[in-house]
Amino acid sequence: MGNIFPRWTNLLPFKILACLGVLGVCVIAVAWYSFTPKYTRVGYMPQQPIPFDHSLHAGQLGMDCRYCHTHVENSPHSNIPAAQVCWNCHGPGKVKADSPKLEPLRAAMDENYEGYTGQPIEWVQIHKVPEYAHFNHMAHVNRGVSCVECHGRVDEMPVVYHAKPLSMSFCLECHRAPEDKLRPLDQITNLAWKADDLDPEAFYAYVAGKTEASVDELKKGDAGKPWSRELIGSHLRQAWGIHPPQDCAACHY
Amino acid sequence: MSNPSSSSNELFGYVAEFSSAADLYHAAEKVRDAGFRRWDVHTPYPVHGMDHAMGLGKSWLSALVLGGGISGSLTALLLQFFTQVSLYPTVVQSKPTNLFTIPAFFPVTFELTILLSAFATVGGLFTIIALPRWNHPLFNSPLFSKFSNDGFLLVIEARDPKFHGEKTRELLSEIGAGQIEEVTY
Amino acid sequence: MADTSSANVPVHPSEAEGVAREQLVLNNRSLGWITDRVCGIVENRQPLIWWVLFVPSVFGFLCLVFSLVYLVSTGVGVWGMNHPVAWGWDIVNFVFWIGIGHAGTLISAILFLTRQKWRTSVNRASEAMTIFAVMCAGIFPGFHVGRFWMVWFLAPIPNSNAIWQNFKSPLLWDVFAVSTYFTVSLIFWYIGLIPDLATLRDRAKGIAKKLYGFFAFGWRGGNRQWRHYEMAYLILAALSTPLVLSVHSVVSFDFATSVIPGWHTTIFPPYFVAGAIFGGFAMVLTLMLPVRKLYGLEDLITGKHIDNMAKIILLTGTIVGYAYIMELFISYYGANAFEADAFHMRILSGPYTWAYYCMFFCNVIAPQVFWFHYCRHNLWIVFIIANFVNFGMWFERFVIIPTSLARDFLPGQWGNYSASWVEKLLFGGSFGMFMMLFLLFLRFLPVIAIGEVKGVLPQSDPHYPEWKRLREKRRAAAN
Amino acid sequence: MAGLKDGDDYRDGERFKIPSTLQFACLGVGGAGLLLFFILAMSDRAGAMAYSWLFAVIFFLSLAVGGLFWTMLHHASNSGWGTVVRRLMENLASLIPFMIVLALPILAFPNFRDALWEWFPERKAALADASTYAEQKRDAYIAERQAEIAKAEEAVAAAKKDLADVASPSPGHRLHLERRIAELEEKAAKLAEEDLSEAGATATLVDKHFLDHATLLFNKRGYLNEGFWWVRQIFYFVALSGIALLLRSWSIRLDHDGDPKWFRWMRRWSCGLLPFFATAWTFLVFDWLMGLDYSWFSTMWGVYLFAGAALNSMGLLVILLTALRKAGYLKDVVTLEHYHLMGKLMHAFVIFWAYIAFSQFFLIWYANITEETQFFLMRNTAFWNGYTIAFLVVGHFFLPFVVLLLRKVKLMPMVISGVAAWNLLMHAFDLYWIIAPERGPSLTAHTGNIQMTIPGAWVYDILAFVTVAGIFGFFLLRQLASASLFPCRDPRLDESLNVVN
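Chains as they are written, first to last, in the working numbering: chain D, -17 to 235; chain E, 4 to 188; chain V, 6 to 484; chain C, 214 to 714.
Please keep in mind that the hints were generated in silico from the structure rather than gathered at the bench. Computed from a predicted structure; not experimentally measured.
Straight-line Cα separation of at most 30 Å, BS3-like style, residue types lysine-lysine; simulated pairs: (1) C:218 with V:478; (2) E:149 with V:210; (3) C:544 with V:473; (4) E:149 with V:298; (5) V:122 with C:218; (6) C:544 with E:61; (7) V:316 with C:557; (8) C:557 with E:61; (9) E:149 with V:214; (10) C:621 with E:33; (11) E:33 with V:478; (12) V:478 with C:544; (13) V:473 with E:149; (14) E:33 with C:218; (15) D:-3 with V:214; (16) E:33 with V:473; (17) C:218 with V:309; (18) E:149 with V:215; (19) C:218 with E:61; (20) E:61 with V:122; (21) V:122 with C:621; (22) V:309 with C:557; (23) C:218 with V:473; (24) D:-3 with V:210.
Just chain D, same shape as in the assembly:
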C-alpha cells in the first residue's frame, strides 16, 4: 500500500483551475470579437473588373450618385448601372475610349471589338445585408438619410470598400435615434454636407411650413442650442413625422 499519486499532485487542482479560467476568458474574447460583422466585413475592398474610381467620378468630376444609381430614389433596390451608362461617356471616340482598363466595357458593348461577348460586366457586390433582412433605399433617401450614412465617403474612395458595419446594431442605433443622420432632401447625395452649409432662415421657413409652429416659436425653442446635425435632424424628424420602426418585422419579412 502507499500513495497512488505523488505529493505535487495536491497543487494540481489550482493549476487546472487557473488554466481553465484563462482558456475560458480567451474563448469568450475571441468569440466576441470575431463572430461579428464588424470584424468580418468592414474594410472589404474587392478588385472590380474595371477599376472604376469613385473619387474621380463622384469627387473630382462632381457627378451625382444618381447619374449611375438611377433607381435609388424610387426603388427599394439601388441598382448597379448597366454597361450602357458607362458607354455614354466612354463610347467610341469619347473619353478614354481606348483605355485597356475599359476592355470589359468594350466586351460588353462594342460589337466591333474582337473580344465582344455582349455579357454584362461582372461587378463584385460589396455592400450586402443578409437575405433575411430587407433594406429599402427609397424609404431612406426620400426621408433625409444620405448615402454617406451607410456607404461612407464614397466620393473620396479610389476603390470602394465596405466602410460601415451594416450590422443589426448599426441599423438599430439609427432607428432608435435618427436625428443626427437626417438632412434636407436636396443634400442627400452631397456626401460632404455639413450642418453649417445650411441656411438657418430658409430652414426654419421650411420647417414652419411643414409644422404648426411659426418660425419665431422654432427659433425661441432652439435658443442657446448649438447649430448641429442633431438640431436640424430633430426638426426634420418632426416635420416629416419620422418614426423608425424597431420591431422585427420592420426588416425581417
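Given the coordinates of chain D, work out where chains E, V and C should sit on it, guided by the hints.
Chains E, V and C alone, transformed into the frame defined by chain D:
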C-alpha cells in the same frame, strides 16, 4: 506498486479499527471528552449522529449556497431587465417592456438561482473539505484502505497537542479499538 | 385479502404482517458483501449478454451520427415537418427523453428529502439514466434550430448585431432549464459517486487504480468530510427538487403559453411533471429489472423496491389520468368551439384518434393492474407494464404536439404529418446512444450507490443495539 | 439519545378534557352568530351575505379536507413519523360533514344560491323565456314544418312521375332520375323524422331559443343543471364525510384492541379512496368557487384549492399541537423532531401552492384569451391589484418561504405556530380574493351601474367567519375529547415516538 511519496519516518498518527458503527460512536464520544482536536473517524458511510458524538457543529455550507443563490437571481434579473427593457426592448406577445414584465422573467431567474446555488454548493464543499487532494499520509496505511469497504476507523494525529505516543495508544485500546496502526508521512 | 392474524397471535403488533418494515437488503448481508458484489460487476468480465446488447447499441449510435450528418449537410427539410405541423417527432422525442430523466432526479432528490431509504439501491442507476436521457433530449431541439452551427445564438453574448435573446420566450427558458438541469444532475451524480470511486480505487490495481484514484479526488471518508458532504448532498437534493419541477413545467410552457387548442390549459405544468416522473419510473424499471437479474442483485434491489416503484407508477399514472379527464371536462365546460373541436378530434374523429386511445390505454388503464399485490410482484408483469408506459408516454407527447398543430383555427390551414425515415432513424439512434452510454456506465462505474446502501443497513445505525434489545424484550413478552 | 421510547409504555393513550369555558365560548359565539346572521339575512342583504357565508364555510371546510388529505397520505405512503399526530388529522377531517351541512343554506335557498351562482337564475330565466317563445310559436312552427314535409313529398312524387313519363329512357337517363328520386326521398325522410307532436315541437323551439339567447349556458347545460347539481352535492358529502369517518372509526377501534388488521385496512382503503377524494374535492371547488363565474374555467383549479387546503391544514395542526402541549397534553409524545417535519411539510406546500398559483396566473396572462383573463383582469386592477401583491405574492409566498428556510424556526414551537397562524390568515385572504371580487359585479350587474364592491359587506364577512369559527371550534373540541389524543396502540407508535430526521 511504487511508492512515489517521500519516505520520511515521521509519525503522522494512529489509525485504530473498531468493530461496528455503535462502537465507533461511543469511542468517538470518549475521544471527544478526552479533549482531542486533530482527530477524525473514517467510515464507509456517514454515521448518523456522529457530528454530535465528535462534538462538531452544524455544517455552515448552506450560508455559501445562499450567497450563490442570491447572486444567481440578481444576475438573471439584471441580465433580463438590462437586455429586454433598456438595451433591446421588443414587444412580443403584447407583453409590456417595463417592470411588469417580471413574471416572464421568473423561469430564467429561477434556473440561474438554482445553477449558481449548485455551483456554490460544489465549490464550497470542495473548498471546505479540501478536495481534490490526491496525496495524503493516510494513504500510506494498509489498514486505512479498509474505510471504503467495512472498516470503522478512528485516526488521531500526532500533531494534536494532547497526543502522547503510548498513552494515546492505550486510550485507543481502552475504548475498544481492535487493530491499531502507526502511520508515517 | 383475508386477515388471518389477530391480536391473539404471539407476535408484537409492530412486527405483524403489513406493519413491520421490510428489510432493504435481504439475507442480512454484511458491509463487505455489498462492496464485493457491486464492485465485482466492474472488476469481473462482463457477461456475454452485455456484449450482445452493446454491439447493436453502438450500431444504433452510429445510425444517430449518420442521420445527424445527413441532416446537417442536407438541411432540416429532410424531416417530414411542414406547415402547419412545424413541430413533429423532434420535439416529441425531446419531451419524451427529458421526461425520462425526471425519475432519476425524483429518486435521487425528492425521495432523499422525504427520507425514503429504499432509494439507495436504485438512485445511482437512475441518475445515470437521467444524464444520458438529457443528453439524448438535447440533440433534438439543438438540431431543430435548423442551422446547428448557429446554436451559440442561444447564449446571451454581447454582439454587434445588438440582438438579445427574447427572454419572454418559453423556448429560451427551455435552454436555461435544460442546461441547468443537466449541469445540476451531473454535479449531483458525481458528488454521489465520489465515495464509491474511492471504494473502487482501494480495490483496483494498475492503471485502473490511478484512474479511479484520480476521479475519487482523494476521498478519505473522514467524518469531518462526511458532515459537509452530507450537507452538500442535502442542499443539492433541495435544489434539484424544485429544479425538476421547473424543468418539465418550462417544457409545458412551450405549449401552454400559446393559444393553440389542446396546448393552452393551465394544468399543464403539474401534469407534465407527473407524466415525466411516471414515464421515467417506467424506464428505470425497464433498465433495472434486467440489470438486477443479470448481475444477481436480488438482495439489494428487492421485491420491496419494485413494489414501491410500481406504486409510484400507479400513483403518477392516476394523476396523469386525472389531468386527461380535467382537460376533457374543461374542453366541454369551457364551451370554447376551438377547444371542444380539438378534443373532439382527439377522441372521436380525426386522423390521430388511434394515438389518443393508445396513450390512454397505456398510461391510465394498463398501470391500474398495479392495484394488485400479485401484479406488483410478478416481474414479467411489471416489466411489460413498464414498457406499456414507455410506449404510452411517447404517444402522449405525440398526441399533444402534432395533433394539436394539425388542426389550426382555419380549415384552410389544416394538414397532416408523418415522420420521414430520417426522423425515425434519429429516434432509433437516440435509443442506441442511450443504451450504449448506460452499458458503458454498467461496465465502468458502480451501478449501486455502495456507500448509501451500507448506510441503510440496520446495523449501520449507531443505536442498533438499543433497537435490538427492545425487539428482544418484546419477543420474550409475546411468547 | 437517552434510550428509545417504548410504544408499549404509551398504550393507554391520553384523554383530552374539554376546557368548559372555551367550549362554552365557542358554542356561544357560534350559536349567537348563527342566529344573528340568518336574522340579518332575512332582508335584501341576503345576496351579499351569501358570499360571506360561502367564504367562511369554504375556509373551514378546506382545513378539514386538508386534514383528511394528510390522514390518507400518511396511510397511503406507509409513513411512520406522523403516527403521534395522526389522530389530530383525523379529528380535523371528521369535521367535514358539519361544514358541508353548514353550507346547506347557500346550496339550497334560492335567495342565497341565485346571488352566488348566477347560472341558476339566468338559466331559469332563459328557459322561461324559451318556453314562452315556444308556446307562442309552436303552432306556426308545426304548420311550417308540415308544409315543408308535404312539399318534399310532392317533390318525390313529381320525380317519380318524371321517371314514369319517360317512355324508354337510356340507361344513363334512368340512373340519373333514380338517383334524384333517392335523394329527394332521403330529404323527405329526414324532415319526417322530426318529432312534430306538440311536446316535440316545444322542445325543439325551447332548445333553439335557449341556444340563441344563452349560448354558453346552453352548451354547458349537461353539467350546469339543477338535477345534476344536487347529485354532485350529495356525492361530495358522502364521499368526503364517508372517507373521513371511516378512517377515523377504524383508527379508534385500533386504540381499543391493537389489532394490526385495522392498520392494514386503513392503508389499503386510503390508497383506494384517494381518487374519490380527489374527484370530490376538485368538483366541489369547481361548483362552489369556479362556478361563481360560470363563463370562467381553469383546469388547474382543483389543484390550486387543494394546495391551499393541504398547506393550511398542516398549519392548523401545528397550532393545535402547540396549544395542546401548552395545556399539558402530548408533552412526552410529540418532540421537536415532529415540529421539524411538519415545518418542512409546510415549507414544501408553501412552495407548491406558489408553483400552482403562479403557473395558473402565468399561463392565463401569457395566452391572453378573453374568457380566461377576465378572472385576473378583475383581480389585478385597481384595489385588488395591491391586495394580490401584498397578500398573495408577498404574504402567502415570499414571507413564509424565507422564514421557513431557517432550520431554527422549525424547531421552535411558538415561532412555527406563529408562521402557521400567518399562513392561515393568508389562506383566508386567498379565499376572500377568490370570492369577494365576484360579489360587487354579480349583484349590481342587473342595475346597469356596475359596482366593484358592496359597501359595508365586510361586516357580514367577519360575522360569518367568526360564527363558523365558533362552530368549528366547538365540534373540534368535542372530537378531540372523544378519543385518545394519539393512536395509542398503533403498531407504528415506536417509530413515531423515536423519529429522528
